[in-house]
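Using the sequences and the hints given, assemble the complete structure.
Number of protein chains: 4
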Amino acid sequence: MNPEGLWFREIFTDNLIFGYRVKRVLYSGQSRFQKIDILDLYAYGKTLFLDNKIQSAQIDEHIYHEALVQPAMFTHPEPKSALIIGGGEGATLREVLKHGSIEKAVMVDIDGELVDASRKYLPEWSDGAFDDSRTELIIDDARKYIFETDEKFDVVISDLTEPLEGGPSKYLFTKEFYNRVNDILTESGVLVVQSGSAVQMYNDFAASVYRTLGEIFPAVGIYTVYIESFQMLWAFTIASRKERPEDLSEEVLNIRMKSRGVENLRFYLPKYHRGLFYIPRYLDEKLSEGRVLTDADPYIWTA
Amino acid sequence: MNPEGLWFREIFTDNLIFGYRVKRVLYSGQSRFQKIDILDLYAYGKTLFLDNKIQSAQIDEHIYHEALVQPAMFTHPEPKSALIIGGGEGATLREVLKHGSIEKAVMVDIDGELVDASRKYLPEWSDGAFDDSRTELIIDDARKYIFETDEKFDVVISDLTEPLEGGPSKYLFTKEFYNRVNDILTESGVLVVQSGSAVQMYNDFAASVYRTLGEIFPAVGIYTVYIESFQMLWAFTIASRKERPEDLSEEVLNIRMKSRGVENLRFYLPKYHRGLFYIPRYLDEKLSEGRVLTDADPYIWTA
Amino acid sequence: MNPEGLWFREIFTDNLIFGYRVKRVLYSGQSRFQKIDILDLYAYGKTLFLDNKIQSAQIDEHIYHEALVQPAMFTHPEPKSALIIGGGEGATLREVLKHGSIEKAVMVDIDGELVDASRKYLPEWSDGAFDDSRTELIIDDARKYIFETDEKFDVVISDLTEPLEGGPSKYLFTKEFYNRVNDILTESGVLVVQSGSAVQMYNDFAASVYRTLGEIFPAVGIYTVYIESFQMLWAFTIASRKERPEDLSEEVLNIRMKSRGVENLRFYLPKYHRGLFYIPRYLDEKLSEGRVLTDADPYIWTA
Amino acid sequence: MNPEGLWFREIFTDNLIFGYRVKRVLYSGQSRFQKIDILDLYAYGKTLFLDNKIQSAQIDEHIYHEALVQPAMFTHPEPKSALIIGGGEGATLREVLKHGSIEKAVMVDIDGELVDASRKYLPEWSDGAFDDSRTELIIDDARKYIFETDEKFDVVISDLTEPLEGGPSKYLFTKEFYNRVNDILTESGVLVVQSGSAVQMYNDFAASVYRTLGEIFPAVGIYTVYIESFQMLWAFTIASRKERPEDLSEEVLNIRMKSRGVENLRFYLPKYHRGLFYIPRYLDEKLSEGRVLTDADPYIWTA
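Chains as they are written, first to last, in the working numbering: chain A, 158 to 460; chain B, 158 to 460; chain C, 158 to 460; chain D, 158 to 460.
Just so you know, the hints here were simulated from the structure itself, not pulled from any lab data. All C-beta atoms in this analysis are idealised placements derived from N, C-alpha and C, irrespective of residue type, glycine included.
Which chain D residues face chain C? A few, computed with CB under 7 Å, are given here:
{"id": "1", "residue": "N172"}
{"id": "2", "residue": "G176"}
{"id": "3", "residue": "F424"}
When the alpha-carbon atoms are kept at most 16 Å apart in a straight line, the in silico EDC-like pairs for lysine to aspartate or glutamate are as follows:
{"id": "4", "chain 1": "D", "residue 1": "K332", "chain 2": "D", "residue 2": "E372"}
{"id": "5", "chain 1": "D", "residue 1": "K180", "chain 2": "C", "residue 2": "D171"}
{"id": "6", "chain 1": "C", "residue 1": "K192", "chain 2": "C", "residue 2": "E319"}
{"id": "7", "chain 1": "C", "residue 1": "K192", "chain 2": "B", "residue 2": "E161"}
{"id": "8", "chain 1": "B", "residue 1": "K192", "chain 2": "C", "residue 2": "E161"}
{"id": "9", "chain 1": "B", "residue 1": "K428", "chain 2": "A", "residue 2": "E442"}
{"id": "10", "chain 1": "D", "residue 1": "K192", "chain 2": "A", "residue 2": "E161"}
{"id": "11", "chain 1": "D", "residue 1": "K180", "chain 2": "A", "residue 2": "D208"}
{"id": "12", "chain 1": "D", "residue 1": "K180", "chain 2": "D", "residue 2": "E161"}
{"id": "13", "chain 1": "C", "residue 1": "K428", "chain 2": "D", "residue 2": "D441"}
{"id": "14", "chain 1": "A", "residue 1": "K192", "chain 2": "A", "residue 2": "D273"}
{"id": "15", "chain 1": "D", "residue 1": "K428", "chain 2": "C", "residue 2": "D441"}
{"id": "16", "chain 1": "C", "residue 1": "K180", "chain 2": "B", "residue 2": "D208"}
{"id": "17", "chain 1": "C", "residue 1": "K309", "chain 2": "C", "residue 2": "E235"}
{"id": "18", "chain 1": "C", "residue 1": "K309", "chain 2": "C", "residue 2": "D340"}
{"id": "19", "chain 1": "A", "residue 1": "K180", "chain 2": "B", "residue 2": "D171"}
{"id": "20", "chain 1": "B", "residue 1": "K428", "chain 2": "B", "residue 2": "E408"}
{"id": "21", "chain 1": "B", "residue 1": "K180", "chain 2": "C", "residue 2": "D208"}
{"id": "22", "chain 1": "B", "residue 1": "K428", "chain 2": "A", "residue 2": "D441"}
{"id": "23", "chain 1": "A", "residue 1": "K180", "chain 2": "D", "residue 2": "D208"}
{"id": "24", "chain 1": "C", "residue 1": "K327", "chain 2": "C", "residue 2": "D454"}
{"id": "25", "chain 1": "A", "residue 1": "K399", "chain 2": "A", "residue 2": "D340"}
{"id": "26", "chain 1": "A", "residue 1": "K192", "chain 2": "A", "residue 2": "E319"}
{"id": "27", "chain 1": "B", "residue 1": "K210", "chain 2": "C", "residue 2": "E161"}
{"id": "28", "chain 1": "B", "residue 1": "K428", "chain 2": "B", "residue 2": "E407"}
{"id": "29", "chain 1": "C", "residue 1": "K210", "chain 2": "B", "residue 2": "E161"}
{"id": "30", "chain 1": "A", "residue 1": "K192", "chain 2": "D", "residue 2": "E161"}
{"id": "31", "chain 1": "A", "residue 1": "K428", "chain 2": "B", "residue 2": "E442"}
{"id": "32", "chain 1": "D", "residue 1": "K210", "chain 2": "A", "residue 2": "E161"}
{"id": "33", "chain 1": "A", "residue 1": "K428", "chain 2": "B", "residue 2": "D441"}
{"id": "34", "chain 1": "A", "residue 1": "K210", "chain 2": "D", "residue 2": "E161"}
{"id": "35", "chain 1": "C", "residue 1": "K428", "chain 2": "D", "residue 2": "E442"}
{"id": "36", "chain 1": "B", "residue 1": "K180", "chain 2": "A", "residue 2": "D171"}
Next up, the structure:
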């Protein structure tokens, strides 16, 4: 063992530090909104950090992005339009476009420099999705877009960084915001929200997103996936206007997969759908303690 | 953020380092078998490290130990005797003794200094279990014990460190060893083996334990639990001579819990039993690639 | 190389970190004034840290303390009384008492807990000095003592931590303070001040101490010594009411050493006296840029 | 303080680690002989690392290189030719060429990739020296060159990395090698050797170089300089066939400086020459303990 040389240090909390050995720095810059580092790590391959926090890594971005996107897409009986909030790397978009039923995919990310750097240095993430004729990329504040748009969507996917004080996503997890998302969803519309860490010590945020969506949507579920490059069990909250996501049978999901020609899934498959929704007891019991997030009292992440 | 002062550095691999801020060093010593550090960490409370690898932590040792012990104990219809291999801290023993049906619990650990240090500095782990009249503590090589004993057990729990080259547990994960375990199990006997990391990049060992047990036992299952203080999804392999662990109904499990007077469970409950067995696709598909471990070609852990 | 386990991390600046491997934690506490850590380091042996900054280490505390004390003691023709400001470990006192001419040594340190911990865990530092009948130990604010005392001293030694905002030594490096020191010095009195780092990037403080003393004393000198455990070239400023320290001949110094029976010197000897005063060009040229420190505008150390 | 992000970790010994915050990676590669990293550090500006060991940094490479070159150049009464062994960055060459008396400067470095990377990414180091018409650059093994050359030189400068096992400089510090250097020196020839750390704990190598040169040359001196970016007091050994380097008067040195038109010195000046040779007692007393290095028993650096 000889851990000399170049390392990237992530301070998860004051009390816990991760050190990643760096093979190469591909890009390092400061956009208007955040510090962007794209590194080639010995442990995880190409990896994106925003404000020194790991975002997605080559070894398992497919796990994160399939876990985020596919349950929602499959929950909708026939998604033709999708809206992605955030998702700068383009991999969320890539997952949406795997569904042949999709006619239009709008992605709204506030940080054009992040999108550009991702297209250049992480092309496997978007894998051509930005060039797909069904894609519309908008560089803007997602809240503004959602409150102003006239369009409706079958699926909305929230792929945002956690709401930091002064950060761009503070008012994108509130009841007011989700009410408006509900307005622009179609009849069987589905919303999924990446909801941060699910672990015992840090799951307030996930519980609060769950609780907030429960104020608005008839069917809300929460599921967890272990993301190796985050070292974390991760939470995703899904809200549906009609079908209950966790009750969908493997048979129905298989029919949907076949009819939409969905291929190249490496993590999600219908047979694993149900299992995602088995959550650990500490999270299960925490759900009722989440608080309703509002514009007046939003969630501020402080790890 | 001011991460100055005392830290404990765990080199998970050459490419990934964890740093834990240390509040207090409770014990630090070198036993005949391993380096033992018992620290009070800001992130996790009191924590045991063996050879600089984290073993169990105050915030979630209950998760690890309930996850290891309870599924096996509940799989057996009425466990009266249990054998624990390893488990130096005494928490595995504590979990076994929660079952009122237990008349005898034998624990065999090779490292008496570890047991002594755990009793002194981690008394919450054993919580009186070493003083329970049903307990028999043997400081010896578990392989020797198992090959020489005349006794039979309803449940055998393997709570060992991973098999390092030159370490004490190298021949405690082989087909020959498990064959002998099978011999000393009673008719409905159950064996559970802590099987290391379940994560995408490092699950060979778990798959190989699974494969090896499959050579011997009629019903083998594998389940995973996220252990926050390990930053890892963890694998446990369970082998049963009769009942299939994952098929047990919540109803049956609840009856067993009540009849045995099992209380104070903080992580495991019958209603979560089934969910544990939903494993991620990468592990599921890896199971067939595990190899049968033998005395001639045992597993050597090299992270 | 296998740098696992327990380490102490000193953040010298945001841009430079030192990591010391820890063999044992001897003492760790928070006094009224500062965080105190006494560690046994693999690199340096027993080592004292105050507020996470290294203060003195077994391998070279003799270098630091002889360098601080001996040039001043030898500059005075016959020191009978000495006053030490700070110097909690007792090693500065130990060096003073090596001079047989000394009849009285007063040490004023604000932090009684530091003195107690040093006596208990670093007994080699004071080496009996606290029990010497010539010693008077006063736990109090040195500024208060100096302004109130009626006594006079032949040698005054300032062995204080750098003046941090809110720290106890902020007003112990000002012109007003040194004016009062001048008042309590005898006719041939000598003052020496540990003056922090002498290195190119961080020598403002040393230059300012030099400049401030120059406002008051007829002969002021500055000398540097490399302290291995600090990784630094260190500055000491010496002010004399009569003899010029750097002009003293080896012959005169040898006579003084013999007549006072000074023994057991491991770093300082008369033949090295002159060489100490050769300072590097960057420090030499910086001296004129130091500013006069005053109570109204004291120095605040921010590395 | 927020030491997140990109850092370079230098393991000085198993027990002491330096961490440097990285602004930018300028170059990172593996030549035939060594790992080369050229980084822009927040603490030191542009910095060269070879095999993860710091070599020279923007804030004080002038100190290192003037300290290495100027005392030797000024010791020779009129240097017309100089040979540099190693010195890949070109700054040693730059210092030589400041002397107007120089008609020819030969530099022999084994690592052409290092020279190329230095010219490209550290142009301030050579500052045009490689394009000077007096310069002859040879990419070859210096030992081979020295044993085969027919030329003679007034000054020879050894600017090599420490002799690591298996490294290229193992046989470039031996008596046999220096004997041959003596052969190719002119009558008043001077040799200077960068001799590694001078600190109390690690000065064997410096003492051994001093001792080895003492077997061959009539006048040998050793001097030390604190190099901030190395965190170290550094040793240089100088051997002269005629004039004793440390006895040269400031007056003579000033005349030489003027007559050769030496300008732009930032660290060395005649008035500081004498002071360099005052070495600390621990090094002084260690000199007699150095051993004579030979081809049969060379020095191998193991920190």
